[in-house]
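Number of protein chains: 2
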Amino acid sequence: MLNFVKQLSHESVVELIGLVSLPKKPLTATSQQVEIHVTKMYCLSRSLPNLPLAVVDAARSEADIEKSVKDGKPAARVLQDTRLNNRPLDLRTPANQALFRIQCHVQIAFREFLLSKGFLEIHTPKLMAGSSEGGSAVFRLDYKGQPACLAQSPQLHKQMAICGDMRRVFEVGPVFRAEDSFTHRHLCEFVGLDVEMEIRMHYSEIMDLVGDLFPFIFTKIEERCPKELESVRRQYPFHSLKFLPQTLRLTFAEGIQMLKEAGEEVDPLGDLNTESEKKLGQLVLEKYKTEFYMLHRYPSAVRPFYTMPCEDDSNYSNSFDVFIRGEEIISGAQRIHDPELLEKRARECGIDVKTISTYIDAFRYGAPPHGGFGAGLERVVMLLCALNNIRKTSLFPRDPKRLAP
Amino acid sequence: MLNFVKQLSHESVVELIGLVSLPKKPLTATSQQVEIHVTKMYCLSRSLPNLPLAVVDAARSEADIEKSVKDGKPAARVLQDTRLNNRPLDLRTPANQALFRIQCHVQIAFREFLLSKGFLEIHTPKLMAGSSEGGSAVFRLDYKGQPACLAQSPQLHKQMAICGDMRRVFEVGPVFRAEDSFTHRHLCEFVGLDVEMEIRMHYSEIMDLVGDLFPFIFTKIEERCPKELESVRRQYPFHSLKFLPQTLRLTFAEGIQMLKEAGEEVDPLGDLNTESEKKLGQLVLEKYKTEFYMLHRYPSAVRPFYTMPCEDDSNYSNSFDVFIRGEEIISGAQRIHDPELLEKRARECGIDVKTISTYIDAFRYGAPPHGGFGAGLERVVMLLCALNNIRKTSLFPRDPKRLAP
Numbered sequence: 000m001l002n003f004v005k006q007l008s009h010e011s012v013v014e015l016i017g018l019v020s021l022p023k024k025p026l027t028a029t030s031q032q033v034e035i036h037v038t039k040m041y042c043l044s045r046s047l048p049n050l051p052l053a054v055v056d057a058a059r060s061e062a063d064i065e066k067s068v069k070d071g072k073p074a075a076r077v078l079q080d081t082r083l084n085n086r087p088l089d090l091r092t093p094a095n096q097a098l099f100r101i102q103c104h105v106q107i108a109f110r111e112f113l114l115s116k117g118f119l120e121i122h123t124p125k126l127m128a129g130s131s132e133g134g135s136a137v138f139r140l141d142y143k144g145q146p147a148c149l150a151q152s153p154q155l156h157k158q159m160a161i162c163g164d165m166r167r168v169f170e171v172g173p174v175f176r177a178e179d180s181f182t183h184r185h186l187c188e189f190v191g192l193d194v195e196m197e198i199r200m201h202y203s204e205i206m207d208l209v210g211d212l213f214p215f216i217f218t219k220i221e222e223r224c225p226k227e228l229e230s231v232r233r234q235y236p237f238h239s240l241k242f243l244p245q246t247l248r249l250t251f252a253e254g255i256q257m258l259k260e261a262g263e264e265v266d267p268l269g270d271l272n273t274e275s276e277k278k279l280g281q282l283v284l285e286k287y288k289t290e291f292y293m294l295h296r297y298p299s300a301v302r303p304f305y306t307m308p309c310e311d312d313s314n315y316s317n318s319f320d321v322f323i324r325g326e327e328i329i330s331g332a333q334r335i336h337d338p339e340l341l342e343k344r345a346r347e348c349g350i351d352v353k354t355i356s357t358y359i360d361a362f363r364y365g366a367p368p369h370g371g372f373g374a375g376l377e378r379v380v381m382l383l384c385a386l387n388n389i390r391k392t393s394l395f396p397r398d399p400k401r402l403a404p
Numbered sequence: 000m001l002n003f004v005k006q007l008s009h010e011s012v013v014e015l016i017g018l019v020s021l022p023k024k025p026l027t028a029t030s031q032q033v034e035i036h037v038t039k040m041y042c043l044s045r046s047l048p049n050l051p052l053a054v055v056d057a058a059r060s061e062a063d064i065e066k067s068v069k070d071g072k073p074a075a076r077v078l079q080d081t082r083l084n085n086r087p088l089d090l091r092t093p094a095n096q097a098l099f100r101i102q103c104h105v106q107i108a109f110r111e112f113l114l115s116k117g118f119l120e121i122h123t124p125k126l127m128a129g130s131s132e133g134g135s136a137v138f139r140l141d142y143k144g145q146p147a148c149l150a151q152s153p154q155l156h157k158q159m160a161i162c163g164d165m166r167r168v169f170e171v172g173p174v175f176r177a178e179d180s181f182t183h184r185h186l187c188e189f190v191g192l193d194v195e196m197e198i199r200m201h202y203s204e205i206m207d208l209v210g211d212l213f214p215f216i217f218t219k220i221e222e223r224c225p226k227e228l229e230s231v232r233r234q235y236p237f238h239s240l241k242f243l244p245q246t247l248r249l250t251f252a253e254g255i256q257m258l259k260e261a262g263e264e265v266d267p268l269g270d271l272n273t274e275s276e277k278k279l280g281q282l283v284l285e286k287y288k289t290e291f292y293m294l295h296r297y298p299s300a301v302r303p304f305y306t307m308p309c310e311d312d313s314n315y316s317n318s319f320d321v322f323i324r325g326e327e328i329i330s331g332a333q334r335i336h337d338p339e340l341l342e343k344r345a346r347e348c349g350i351d352v353k354t355i356s357t358y359i360d361a362f363r364y365g366a367p368p369h370g371g372f373g374a375g376l377e378r379v380v381m382l383l384c385a386l387n388n389i390r391k392t393s394l395f396p397r398d399p400k401r402l403a404p
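Residue numbers (numbering that gives the first Met the number 0), protein chains in the order written: chain V, 0 to 404; chain R, 0 to 404.
Only chain V is shown next, with the shape it has when bound in the complex (with noise of 0.2 Å):
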């Protein structure tokens, strides 16, 4: 047998026939606790001798490269190229089989929480007559002969769902924006988290909502993924995210404040980029110890144009970012309910209304109040575990060089 073994090549499956037991002496070399004695072994899948990478290269952290530079035996660095043209190899690393068990904990959570709380689960067609909603970039596509798009999100369907009494709805699934933004945190294609509901009295409820639903994944991965954790940071080290049981809200002014303050120069009533979304995340953990807060009241100029303006002053609007280590991860807001104000905004934005009529129309049949939020998965969890690039969480990643497998 010991031949048969010898000759094996490596990643070949195998099935075993023989004696489990434990031994007297405890293992040393292996992290298990029993052996087999094996008395019958055959080859169920025989891979291919030359493997375009070895998982034990794949699952190697940074330090122990380093380490094995500095003693003079470099280790192979397998490339995130090479990785991701071989995934189903690449996928057999513990910290990868980590991060896929984590990201599928997260939406258990995600949807555990929002069900608990009346919200119904519904699926939106990803198939869009003309143009999306939005402004980036669409996949476009010719659909029995009209022209067709792909959902850059679920927004205008939530909406009409809402509009269709479902109150409360959430939706997880695919998203797709053909931009060119090859980034560390952009994809063509991710998994959405989308939310929309009813609002009462006010937008602050929907903030209610995120300041208890993240805080409660997050803790939910600490409880139920310990092993899962403590397998990525054997690669990829990180600290566990520090979060308050309450969620901090900021307005914008106060971050604009805050960033002032500390020597930057930002537009009162434009966007803040990459940077000071970083800076801030810094300024915010300093004074208030926490990773993950909100800034809401947003400029109205930087929101799109179905974005309820703030009561008191319509330069401001009822919308808000949420950021994990300092990098943006969900954007919500109320949205117009009102035809003629959503026509009104669309005009001041520039947009023609005719385009938009089909959204527009959505709300003239009785459309109460509402708002909700969108988030991505795989940044979720890209930021939760602190990696340095979003393909790392998601399981084929799809960006503008990547299409395969």
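Note that these hints are calculated values from the structure, not bench results.
Check before you lean on any hint, since a few could be wrong.
What the hints assert, rightly or not - For lysine to aspartate or glutamate, the following DMTMM-like pairs were computed, each having C-alpha atoms within a straight-line distance of at most 25 Å:
(1) R:LYS226 - V:ASP164
(2) V:LYS143 - R:ASP179
(3) V:LYS39 - R:GLU310
(4) V:LYS66 - V:ASP56
(5) R:LYS278 - R:GLU326
(6) V:LYS219 - V:GLU229
(7) R:LYS39 - V:GLU204
(8) V:LYS116 - V:ASP270
(9) V:LYS66 - V:GLU229
(10) V:LYS219 - R:GLU253
(11) R:LYS143 - V:ASP141
(12) R:LYS116 - V:GLU14
(13) V:LYS143 - R:GLU178
(14) R:LYS226 - V:GLU197
(15) V:LYS39 - R:GLU204
(16) R:LYS226 - V:GLU111
(17) V:LYS226 - R:GLU264
(18) R:LYS343 - R:GLU327
(19) R:LYS353 - V:GLU347
(20) V:LYS400 - R:GLU111
(21) R:LYS277 - R:ASP398
(22) V:LYS5 - R:ASP337
(23) R:LYS143 - V:ASP398
(24) R:LYS66 - R:ASP56
(25) V:LYS143 - R:ASP398
(26) V:LYS343 - V:ASP270
(27) V:LYS69 - V:ASP56
(28) R:LYS39 - V:ASP164
(29) R:LYS143 - V:ASP179
(30) R:LYS143 - V:ASP80
(31) V:LYS353 - R:ASP80
Got chain V sorted already, so can you dock chain R onto it with the hints?
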């Protein structure tokens, strides 16, 4: 206030301030048990005075319409296209409210069962390079200059997840079919319930899972959605699905034999058409008292090339279909995990091996024996409630003629 109320159009959204009280005499004109003594009333959203459909008309059962005709006061019948063109209004009927709660609960039970059996929920990409794996028509698009298509099943990627050591995975996500099928049971976009798992000994392990999973779902729906089922029944009467605690499993050959004995002409190595399936459903119901059963060992000729042939007779395959009320609802099989056999079968089926090299290569680095199945969420709910059209169970259906709203 009465004047204010009188001039409100139907379906407007109002806010009431008042005192809730238990009336001394039980209310007769409504199913509510409390009254509100309104002191203030605001209109939050005024609907157009002329609605494209009245919710009360959309909520009427066929029996009530027929009765109204007999009584000489014919009530309006809202046609399907009118409903779907104005879906946010149509969704307000009690039956529709109930159907999408049932749909949500089908998913909850699906996940609950699979998670309890050690499955991991994954998300595979919907954007694929080239054309998808199967035979049916795909939606094609341009992806940054590369030819791409929308996944018509997560087949390849869920298999790659298994090759990535994930052991047991499932997905709930959109599936795209550019087929021109304009039937009561086909959509161009639907929600796929997909499962893939390692097999230890035999493909019957997959059937064991299906045979337990779906009765679990049926039972949970009865337990958790009694009011919703009642609401659907009031508009669309149906009897509860008859199913056995131990799911009936017949071989394809046994099914053919039953049809032959009943005088039907069927090809023993061909596929069953929709009529034969219906007929067999009736025969099975009469003989075994169940409307939920499986047919397995399908002829290899009618299954995709990647289906594992039976060990004892390669004319048949390790595959199965599952039926509810005589309609196919699930298709499943063991997949070929050996790249050489996969190439051979592709060639035998007239497929150019070069065009599917990515698929075949996925099995060259060690692939465990595995298999799985797929079902459509909308179809499960349609057949559970014995509805006559799948458009009733899709929130915003997409068919060859419909891409909106």
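Contradicted hints - numbers only: 8, 10, 17, 18, 19, 20
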